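Read off the chains here:
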Amino acid sequence: MTSRRWISPSRIAIHGTLLLACALYLIPLIVMLLTSFKAPEDIRTGNLLSWPEMFTGIGWFKAWDAVGGYFWNSVKITVPAVLISTLLGALNGYVLSMWRFRGSQLFFGLLLFGCFLPFQTVLLPASFTLGKLGLASTTTGLVLVHVVYGLAFTTLFFRNYYCSVPQALVQAARLDGAGFFTIFGRILLPMSVPIIMVCLIWQFTQIWNDFLFGVVFASGDGQPITVALNNLVNTSTGVKEYNVDMAAAMIAGLPTLVLYIVAGKYFLRGLTAGAVKG
Amino acid sequence: MTTLTAPLRASPVDALQRWLPKLVLAPSMLIVLVGFYGYILWTFVLSFTSSSFMPSYKWVGLDQYIKLMGNDRWWVASKNLMVFGGLFIGISLVIGVLLAVLLDQRIRREGFIRTIYLYPMALSMIVTGTAWKWLLNPGLGLDKLLRDWGWEGFRFDWLVDPERVVYCLVIAAVWQASGFVMALFLAGLRGVDSSIVRAAQVDGASLPRIYLRIVLPSLRPVFFSAVMILAHIAIKSFDLVAAMTAGGPGYASDLPAMFMYSFTFSRGQMGMGSASAILMLGAILAILVPYLYSELRNKRHD
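Those sequence lines, one after another, are chains G and F.
Throughout the first sequence, residue numbering follows the numbering used here, covering 1 to 278 in sequence.
Throughout the second sequence, residue numbering follows the numbering used here, covering 279 to 580 in sequence.
Bound-form chain F, shown alone (with noise of 0.2 angstroms):
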C-alpha cells in the first residue's frame, strides 16, 4: 500500500528497503516453484513417457501404470505396505497411548524414563534397521537367547521367512517410533483439565474409566496427528526395509518407497518408477487432504 506513495521521492536506499523482504525470499520461491511442484510435475510426466535407462519423452499414456499394476512386486509392495502400515500405526499407538497414560500418574523419574523412551527417534533408520537385523537373526539372536535361557524349543525365523518378514519391519518400526507418540500423548496430557478428571472421581468413576471415557476422547486432535505423521512414515519407509532385508527373501518385504528405488535406479524402468512414485503421492494426499481439511474446520470452530 505505501508503496505507491510519492516514488519520486524515495531514495534509492529506501526503494531497495522495500523490496528486500521480496528479494530475500526469492531464492526460496523459486526453490519450492521448481524444486518441489515442478519435480513433482517433471515426474508426473515421466510417469507417462517410455524413459527406461535415460529419460525419454515418447509418450505412452497410461502404459507405466498399467504394467505397474500388473506387475506383481508392486502388489506384494503395496499389500506389505498395509499390512505393515496398520499394524506400525496400530501399535505404536496403542503402546505410545499406554505409555503416556502410565507416566502420567506422576512418576518420580519422569523425565529420565521418557529419555529412554524416545532415544530410538534420533537414530538412523539404518542403524535401528542393522541392530534389528542382528536381533532377529536367525541361529544367533533371539533365537539363540531364548533357548539359551531354557525354552529348549523356541524358533525365531521370521527373517527369512516370506510370510512372516513384513512382521519383522512392524517390530523394528514399533521401536523406533512408540516412544514419539508417547511423547505426543505426554503432552497432550499435560493439557487436559485435571479439575474434570477430579470431578469424574468424585462421582466415583475408576481411573481407567476416566480416561478411556473422559481424557483420551479429548485427545482426538493428538491421535490424528499421530496416525498422519506415522503414515508418512510407513509410506516413506526406504531406510529400515533397505537395511533390515533389502527387501527380501525375494521381494516378500518390499515397500512402495523400494520399489520405487530399484526400478528407477536399479533396472532401468524410469517410466514404472515414477508411475510408483507419483501413487506414492496419490497414497500421502489421501490421509493429507482429510486431516488438512478437518484442521480447517476445527480453527474455524474456535
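Here chain G stands alone, though its shape is the one from the complex (with noise of 0.2 angstroms):
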C-alpha cells in the first residue's frame, strides 16, 4: 500500500461509513439523555432528537426516587459476588494450571460448560435448594447465584492467564520450600494485575446487568436495579413520563458505561477471551 492519496473517493466512503455507523450507535444515547431531561409536554410535542425547550433535572429526581434504593441494592449484591467469584476463580485457576492432578483436567472440561449453560436449565432447583437454605429472596442468595455460575468464567480467566507463565518458576519456588499459597501471593499474585482487572471488569458488567437472576430469586425491596427499571418502564398504570424512564436507563446504564470508558481496554479483553476461548 505505497499510494498515499488520503482524499482519494474510496477514502471518502471508508470515512463516511464509519462517520455514519458512529452516528446510529449513539443515536440511542443521545436520544435517552435529550429525552431524561425534557419536561413531559416537551416530549409530546417536540420529537426524538429536538433540543429540550428547557433542561429540567425532574426527570432524574424522580427516576432517583424509583430506583435508588434498587441501585444500592445492586452495588450490595454486585460487589461481594464480584470479589468472592473472582478470588475463587483465581484460586482454581491457579491449581489448575500449576497442582494438576488425576483429574483436573476433566474437571476443567465439566466447568468450561457452566460458559454456555442455559440458566433456565438451574433456576428451578435453585430456587428449590435457596429455599431449604433460607436465602429466598436475599442479597446473600443472590450472591450466592452470581458466584456459582460465574465461576466457569472466571476460573477460565485465570486458567488460561497461568498456563502461560513457565512452570519452572513454581518449581524453582518449591524446591525452595515455599508452600501453596506463598507461591500464590508472592509469586502469581503479582503478576496477575491485567488478568485481574479482565476477571472485575467482565464480573461486574455481568453481574450488575443480569436481569434472570434479579427477578427469578429477588422480590420487592431486594430486587436489582434492572428489575427495578423493567418494572418502572413496563407498569401500565398512570400516565407514561418517558424522561422519567429514561433518566432511570441511564442511571442503571452507567456504571458499567463508565467502567467501560475508563477500563475499556480490559473490557474488550474479557470479551474475546471468554469469547474465543470459551
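These aren't lab readings, by the way, just hints derived from the structure by calculation.
None of the values given here were measured: they were computed from a predicted structure.
Every residue, glycine too, gets a C-beta built ideally from N, C-alpha and C.
Here are the computed lysine-lysine pairs in the BS3-like style, where the Cα-Cα straight-line distance is at most 27 angstroms:
(1) F:K422 - G:K240
(2) G:K132 - G:K76
(3) G:K240 - G:K62
(4) F:K357 - F:K345
(5) G:K265 - G:K76
(6) F:K422 - G:K62
(7) G:K62 - G:K76
(8) G:K132 - F:K336
Some residues of chain G that are not near chain F, with every Cβ distance over 10 angstroms (derived):
(9) W60
(10) Q105
(11) C163
(12) G222
With the hints as a guide, dock the two chains, each given alone in a separate frame, to form the complex.
Set out below in C-alpha cells:
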C-alpha cells in the first residue's frame, strides 16, 4: 500500500461509512440523554432529537426516587459477588495450571460447559435450594447464585493466564520450600494484575446487568436495579413519563458505561477471551 | 506419584501441602457437580413429572413434552427464535465484518471509533430494551421524528404489529452486539499476514476482491466463534424481550427463554417449563457440539 492519496473517493466513502455507523450507534444514547432532560410537554410536542425547550432535572430526580434504593441493592449484590467469584477463579486457575492432579483436566472441561449453560435449566433447582437454605429472596442468596454461575468464566480467565506462566518458576519456589499459598501470593498474584482487571470488569458487567437471576431470586425491596427499571418502564398505570424512564435507564446503565470508558481495554480482552477460548 | 513415597516420614505440614490443591478446588468441584450437572439432571427429572405450582415427583413420561409440542405459544416462541436468531446473527455478522474491514484501512482515531461501536455491549439488555422501546414508540419515536423531518407519510408501528414486532427485537439486538462482532473480526484481521495482501495487490487484484477471496476466508475460525456466541445470545435472550415487548402484543414476540420463565414462575406449569428448558439446552448443545468438535479437530491438525 504505497499510495498516499488520502483524499481519494474510496477513502471518503470509507470515512463516510464509519462516521455514519458512529452516528447510528450513538443516537440511542443521545436520545436517552435528551429525553431524560425534557419536561413531559416538551416530549409530546417535540421529537426524539429535538433540543429540549428547557433542560430540567426533574426526570432524574423522579427516577432516582423510583430506582435509587434498587441501585444500592445492585451495589450490595454486585460487589461481594464480583470479589468472591474472582478470588475463587484465581485459586481455581492456579490449581488447574500449576498443581494439576488426576482428574483436574476433566474437571476443567466440565466447568467450561458452564460458560454455555442456559441458566433456564438450573433455575428451579437453584430456587428450591435457596429456599431450603433459608436464602430465598435475600441478597446473600443472590450473591451465592452469581458466584456459582460466574465461576466458569472467572476460572477460565485465570487458568488460561497462568498456563502461559513458566512452570519452572513455581517448581523452583517449591524446591526452596515455599508452600502452596506462598507461591500464589508471592509469585503469581503480583503478575496477575491485568487478568484480575479483566475478570473484575467482566464479572461486574455480567452481574450488574443481570436480569434473569434478579427477577427469579429477588423480590420486593431486594430487587436489583435492572428488575426495578423493567418494572418502572413496563407498568401500565398512570401517564407514561418518558423522561423518568430514560433517566432511570441511564442510572442503570451508567456504572457499566463508565467502567467501559475508563477500562475499555480490559473489557474487550474479557469479551474476546471468554468468547474465543470458551 | 510422589504421594506414594515414604508416607511415614511426611510431617503433617507436608501432608497438608500435598492435599491443599485438592482442598482448594473441592468447593468448586462440588459447585460444578451439584450446581451445574446435578441441577440439570433435576430439571430433566422435573420435565417428566406432573409438577405444577409445586414440584411433584409423579412420573408422567413424555406428557409435558407432548403438551409443549401442542402448545401454540411454544411454536410461536420457537418460530420467533428462528427468525430472530437468523436475522440477528446474519445482520450482526455483515455489519461487524464490514466495519472491521473498513476500520482496518489505517484509519486515524481508530481506537476512538472502536470505542463507540462497542459501548452498547457494556449495557444491560434491559437498558437497551428500554431505550429502543422508546425509539420505536409508535406515535412519539422514530415514527414522529421522520414525519417532523418532512417525510409526511412515514409510519413506523412495528412494536405493536404482531407480524413485525420480532424485527424490533432484531434491531435492538443488532445494535447491541454488532460492535462486538466488529471487535472479534478486527482482532482476526490484525493477525492476517500482510505480505499475502501485498502480494495479491502486486498481482493486480482489487482490495475488495482480496478481502473476499483471501483475507475473510482465512478468518473462518473467527466466523465460527462469532456465530457460536451470537447463537448463544439469541437462545438465552430473555431480558431484551422482557424490557421491549414483554412478549407482546399477545405473545407475538415470545422467545423460548420468555416462555420458560412465564410458564415456570407465573403460570405454575413447572413440568412444562422444565421441558422447555431442556429443549433450550438441546438447542445449545446442537450448536456447541459441532463447534467443539471442529475446534478439537483443528487443534489436532496444528
